[in-house]
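**Q** These protein sequence lines are chains A, B, C and D, in that order. Per the working numbering: the first sequence = residues 1 to 218. Per the working numbering: the second sequence = residues 1 to 218. Per the working numbering: the third sequence = residues 1 to 218. Per the working numbering: the fourth sequence = residues 1 to 218.
No lab work stands behind these hints, which were simulated from the structure alone. Glycine is no exception: its CB is placed at the ideal position from the N, C-alpha and C atoms. It is possible that part of the hints are untrue.
The calculated lysine-lysine pairs, modelled on DSSO-like cross-linking and capped at a C-alpha distance of 27 Å, are [said to hold, decoys possible]:
| hint | chain 1 | residue 1 | chain 2 | residue 2 |
| --- | --- | --- | --- | --- |
| 1 | A | Lys131 | C | Lys140 |
| 2 | C | Lys193 | D | Lys148 |
| 3 | C | Lys114 | D | Lys114 |
| 4 | D | Lys132 | C | Lys110 |
| 5 | C | Lys134 | A | Lys134 |
| 6 | B | Lys143 | D | Lys82 |
| 7 | D | Lys131 | B | Lys143 |
| 8 | A | Lys148 | A | Lys110 |
Which chain C residues stay away from chain B? Per the calculated CB distances, all over 10 Å, these [as the list claims (entries may be wrong)]:
| hint | residue |
| --- | --- |
| 9 | Asn9 |
| 10 | Phe20 |
| 11 | Leu27 |
| 12 | Gly35 |
| 13 | Gly74 |
| 14 | Asp133 |
| 15 | Ser154 |
| 16 | Pro161 |
| 17 | Thr215 |
Restraint ranges, calculated between C-beta atoms of paired labels, are given here [claimed, not checked]:
| hint | chain 1 | residue 1 | chain 2 | residue 2 | range |
| --- | --- | --- | --- | --- | --- |
| 18 | D | Arg11 | C | Asp117 | 23 to 29 Å |
| 19 | B | Lys134 | A | Asp117 | 29 to 35 Å |
| 20 | D | Leu50 | A | Thr81 | 57 to 63 Å |
| 21 | C | Leu75 | D | Thr73 | 20 to 26 Å |
| 22 | C | Asn147 | A | Val28 | 55 to 61 Å |
| 23 | D | Thr215 | C | Arg65 | 39 to 45 Å |
| 24 | C | Gly24 | B | Pro51 | 54 to 60 Å |
Number of protein chains: 4
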Amino acid sequence: MKYGIIGRNGRMGNEIYNLFSEKGHDLVFSYDKEGENFLETPEVLIDFSLPTAFEKVIEYVEKFRCPLIIGTTGLSNEQITKLKELSQTLPIIQSYNFSLGIQVLLRLVKLADKLLDDVDIEITETHHRFKKDKPSGTAKMIKEVLNKEVNISSLRLGNVPGDHTVYFGNLGEIITISHRALSRRTFAAGVLKSAEFALKAVAGFYTFQDIFELTKEE
Amino acid sequence: MKYGIIGRNGRMGNEIYNLFSEKGHDLVFSYDKEGENFLETPEVLIDFSLPTAFEKVIEYVEKFRCPLIIGTTGLSNEQITKLKELSQTLPIIQSYNFSLGIQVLLRLVKLADKLLDDVDIEITETHHRFKKDKPSGTAKMIKEVLNKEVNISSLRLGNVPGDHTVYFGNLGEIITISHRALSRRTFAAGVLKSAEFALKAVAGFYTFQDIFELTKEE
Amino acid sequence: MKYGIIGRNGRMGNEIYNLFSEKGHDLVFSYDKEGENFLETPEVLIDFSLPTAFEKVIEYVEKFRCPLIIGTTGLSNEQITKLKELSQTLPIIQSYNFSLGIQVLLRLVKLADKLLDDVDIEITETHHRFKKDKPSGTAKMIKEVLNKEVNISSLRLGNVPGDHTVYFGNLGEIITISHRALSRRTFAAGVLKSAEFALKAVAGFYTFQDIFELTKEE
Amino acid sequence: MKYGIIGRNGRMGNEIYNLFSEKGHDLVFSYDKEGENFLETPEVLIDFSLPTAFEKVIEYVEKFRCPLIIGTTGLSNEQITKLKELSQTLPIIQSYNFSLGIQVLLRLVKLADKLLDDVDIEITETHHRFKKDKPSGTAKMIKEVLNKEVNISSLRLGNVPGDHTVYFGNLGEIITISHRALSRRTFAAGVLKSAEFALKAVAGFYTFQDIFELTKEE
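Produce the entire structure from the sequences given, and follow the hints as far as they go.
**A** Structural data, given as structure tokens:
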């Protein structure tokens, strides 16, 4: 596919570029603080930049009339509303977490919770020492999926990219479901899956969980 | 319920007696090397003894005309055939593993396998030093559920009751699903669930997986 | 050896009796709520009862003039002082944790802490749902050994006998040291080791850590 | 310090350059397939290249008369002999594994083995799917340190940089010591430690284990 990136030189921009190149996709447009680089009109636009670049993002989407995958964090309610407006005529995919494995973890956790009775549940998450917030957003997502009061333990340790574990224990046995991110590449893979989906999708507002559910029929 | 045990003084007989008593059920019949102890006709009969006692088991089932839960290992094909004959008129539940958690593990493993692409899969199992066979029967069940060539690593360690772990890994992330037995109590709980099921079941031959599937609708 | 137990019918009393019997030692004296059972004067006395039985314990030690291993929890300062007085003429071994493995864990943690620079340290402990206190006494012992401010995460899960893990992480690697109790038997083994030590020891007041250090020369 | 790298553009050359720059050290010489880049005579020379460049390495060491840290794998016996000759007048540090954590793991494993009796020992190692050899060299080092027959289980999983775990289990408890590499950075840190050591060392042939032992007094 022919794609464009806004935030091309950021950490995620780089990861996306590397994975997409490896898979034979062509970067035909990019935009960053340094300015724009236009070769051709992209079939899909990817944004991993900052909320301050949001107006520029909208401008480009309206110019190219192509689907948008947006992973920029910290969007305001007004910005989300604007995306939903756009989604009436174009596919817009918005998420704060593009990891396929975390979506699988959530599904497994839901199933385990349904199948097990009389269990205690505990969540642990381990991240690098630079992470300021406790608990992680993903741990909160897990708790939400369980929809009950669950204790979350947060460990801050060296340079761990991100581990999440959910324990279910009763008087006879323990079941544990864990996810360990090895690198940022996994997030780029989720963006690629989203871009492939977007090319064939009808107009609408999608989260990464929607992509996951729609492309993986049980 | 009013229940009977054949193999009352064995390890599993003991565990079953303790759990059933705790839950308010009455042992009204038992049979062991020491002989029989009859108070009343049981509503359900449980057998955790030896294949050599099989004829006695059949004799009692035919006398009491009640459902049978049989966890005795090493049954011959003829003995299984005999059980199937009996199951035309009575509910017969036969299994070599009455752990609820292992059934949940199998379900989780199946779901993870369906949802994940391009993953390597590895299975590890850890058991006490006295276990002679490698790999464990449960590890083989997991491999069967995956229905593909998967490496199984067997660890023999001290007095571990039984740990099983399945790893799914791609280039970006690892998902792990583990089961750890804390004690034999978990198997007794599976027997209780089976007995409760048997009281309401129509005649037929059931495995523990059937019980699990039939009593836990997704 | 010929030994006696005070608190013979308690959980630990039972475990001790089972292990000591297996190893060929003779129970020649016991005392419990039900009363005393005297066959012969013991060479060593073991107390796992309640602080309320403390006077009786002292009475028997003075009568038998034999070493005492005391694992009863919740002793008052006065009671400890009384033990120290007794230790001027007899070996007295007092501890709240008779696990050999925990002593090994402490030694490993000390060594890792000495060898590693610029690491974050995290402690987790997992215990059964019935445990009321958080964090566990053993987790506090680990923190004391490290002698620095360390975060402890406590998980309460089913019927886990007791897991403790210490993580050391820097920007490149993680080292983990874990201890998992499989059963109460491990504590009985520590009592046996203490009893063997006591038979040959000079008068004095010992903790279980002393026994461990004195019997295991590095 | 002023240092030089042979194999500057390789994966390890890059990691070393990044870490050394971060710590304020100056690359004053480099050599690679593309040719040499000489700014100043280095105080220490680092080689992470190929055995085919060995003659060039020796040539530069003799020209600069400076210590050498050499991590190139697959050296022949003749090449090792040549290094030992050189080490009569210069410090030469040679190793196939510059991870500090693995050295700590080896020390912990040795201590645990000394302190524990009647244990079963198991080793597991997990590496990315591209690793061809089983078991890993590091797992073999662990086995050598234990100096007894120990089972090694090898898992090949996605893109795992390298996990090693040693289990010690008896009838009552399990002790586990694990090492998990997060990235190549840890190896660069070992090279830096070696370079700092080399600047102050007397002539001699050292392995990384020597550096570790000499700089970390227990």
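**Q** Now tell me, hint by hint, if it's right for this structure.
**A** Evaluated hints:
With a C-alpha separation of about 26 Å, the suggested pairing of Lys131/A with Lys140/C holds against the 27 Å cut-off. Taking the CA atoms of Lys193/C and Lys148/D, the gap is near 26 Å; set against the 27 Å cutoff, the hint holds. Using a Cα cut-off of 27 Å, the hinted pair Lys114/C and Lys114/D holds, with the two alpha carbons roughly 18 Å apart. This hinted pair does not check out: Lys132/D and Lys110/C have alpha carbons roughly 36 Å apart, beyond 27 Å.
Restraint check: the Cα-Cα separation between Lys134/C and Lys134/A comes to about 20 Å, which is no more than 27 Å; the hinted pair holds. The hinted pair formed by Lys143/B and Lys82/D fails the criterion: a straight-line CA distance of about 52 Å is larger than 27 Å. Of the supplied pair hints, the one linking Lys131/D and Lys143/B holds, its CA atoms being roughly 23 Å apart against a limit of 27 Å. At most 27 Å may separate the alpha-carbon atoms for a hinted pair to count; Lys148/A and Lys110/A meet this at roughly 12 Å.
For Asn9/C, the requirement that its beta carbon stay farther than 10 Å from each beta carbon of chain B is met, with the minimum near 17 Å. Against the 10 Å criterion, Phe20/C stays outside the reach of chain B, whose nearest CB is about 18 Å from its own CB. Every C-beta of chain B lies more than 10 Å from that of Leu27/C, the closest at about 23 Å, which supports listing it as non-interface. Listed as a non-interface residue, Gly35/C keeps its Cβ farther than 10 Å from every Cβ of chain B; the least gap is roughly 27 Å.
For Gly74/C, the shortest C-beta to C-beta distance to chain B comes to about 27 Å, beyond the 10 Å cut-off, and the non-interface label holds. Distance check for Asp133/C against chain B: the nearest CB is about 21 Å away, which clears 10 Å, and the non-interface claim stands. Non-interface status of Ser154/C relative to chain B is upheld: no Cβ of that chain comes within 10 Å, the nearest being about 18 Å off. Remark: the non-interface label on Pro161/C conflicts with the geometry, its nearest Cβ contact in chain B lying 8 Å away (cut-off 10 Å).
Look at Thr215/C: its CB is around 21 Å from the nearest CB on chain B, clear of 10 Å, so calling it non-interface holds up. The given range of 23 to 29 Å is respected by Arg11/D and Asp117/C, whose C-beta atoms sit roughly 25 Å from each other. For the pair Lys134/B and Asp117/A, the beta carbons lie near 33 Å from each other, so the given range of 29 to 35 Å is met. Separation of Leu50/D from Thr81/A is about 58 Å and conforms to the stated range, judged on CB atoms against 57 to 63 Å.
At about 60 Å, the beta-carbon gap between Leu75/C and Thr73/D misses the expected band of 20 to 26 Å. In this structure the supplied range 55 to 61 Å holds for Asn147/C paired with Val28/A, their Cβ-Cβ distance being about 59 Å. Checked against the given bound of 39 to 45 Å, the beta carbons of Thr215/D and Arg65/C, roughly 54 Å apart, lie outside it. Gly24/C and Pro51/B have their C-beta atoms about 35 Å apart, which leaves the hinted 54 to 60 Å range violated.
In summary, the structure is inconsistent with hints 4, 6, 16, 21, 23 and 24 from the numbered list given earlier, while agreeing with the others.
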